[in-house]
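Enquirer: For the sequence shown, the UniProt record's numbering begins at 1 and goes up steadily by one.
Hint data in this document are derived by calculation from the structure and do not stem from the laboratory.
We put the beta carbon where it would ideally sit given N, CA and C, even for glycine.
One or more hints might be untrue.
As the list claims (entries may be wrong) - Quick list of simulated restraints, FRET-style, between CB atoms:
#1 95 / 61: 44 to 52 Å
#2 62 / 30: 43 to 51 Å
#3 83 / 52: 41 to 49 Å
#4 90 / 110: 27 to 35 Å
#5 66 / 92: 33 to 41 Å
#6 109 / 74: 51 to 59 Å
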Amino acid sequence: MEGTLALCPILEIEYLTKQNATLREVNDSRMKIYEQREVSIQDLARDKYKLALEYQAEKNHVKQLCSNIESLETEVEEPTRSLEDARQQVEADRRTKKTERLLGQQQQQLPGQPVIVINSSTSHASKDAILNVPSQEGVSTSRQTTEPC
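Given these sequences and hints, build the entire structure.
Expert: The structure is reproduced here in structure tokens:
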């Protein structure tokens, strides 16, 4: 029995030595995991900083592009307005020439008859109609009077 008793402390020492080695391996494994986490956290923090810088740069770039767009729109407004005015003037001139040509034809076909002239620069024919009566000497109309008002 004495041999078995002497064997017990040896087995216990072996068991405790193995347990100690296992616990060291587990601890080392945990330490590696913690170190990897720390490296990952540092990488993420670095990436976050880079993204913040890129975001700020892109935001400034967008502001600059918006400013450029606004200035270009302002530069385009004046020529566009001038072009539109020129188109309206050309259209008014075209209408005026057409009206003058029609009046000339009408007066040639109907000499001595009253002719209605419409202002071609507006669209209000009833307000802008002008009665154009060719002057005839010695002919009196009901609207012509010699007495002052």
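Enquirer: Between residue 83 and residue 52, does the beta-carbon spacing fit 41 to 49 Å?
Expert: holds (46 Å)
Enquirer: Assuming the hint says 27 to 35 Å, is it satisfied by the Cβ distance from residue 90 to residue 110 or not?
Expert: holds (30 Å)
Enquirer: For the pair residue 95 and residue 61, does the Cβ-Cβ distance stay inside 44 to 52 Å?
Expert: At roughly 50 Å between Cβ atoms, residue 61 and residue 95 fall inside 44 to 52 Å, so the hint holds.
Enquirer: Quick check on a hinted range of 43 to 51 Å for residue 62 and residue 30, using CB atoms only.
Expert: Holds: the Cβ-Cβ distance is about 47 Å, inside 43 to 51 Å.
Enquirer: Could you see if the CB distance from residue 66 to residue 92 stays within 33 to 41 Å?
Expert: Holds: the Cβ-Cβ distance is about 38 Å, inside 33 to 41 Å.
Enquirer: For residue 109 and residue 74, compare the CB-CB distance with the range 51 to 59 Å and indicate the outcome.
Expert: holds (53 Å)
When the structure is compared with the earlier hints, no violation turns up for any of them.
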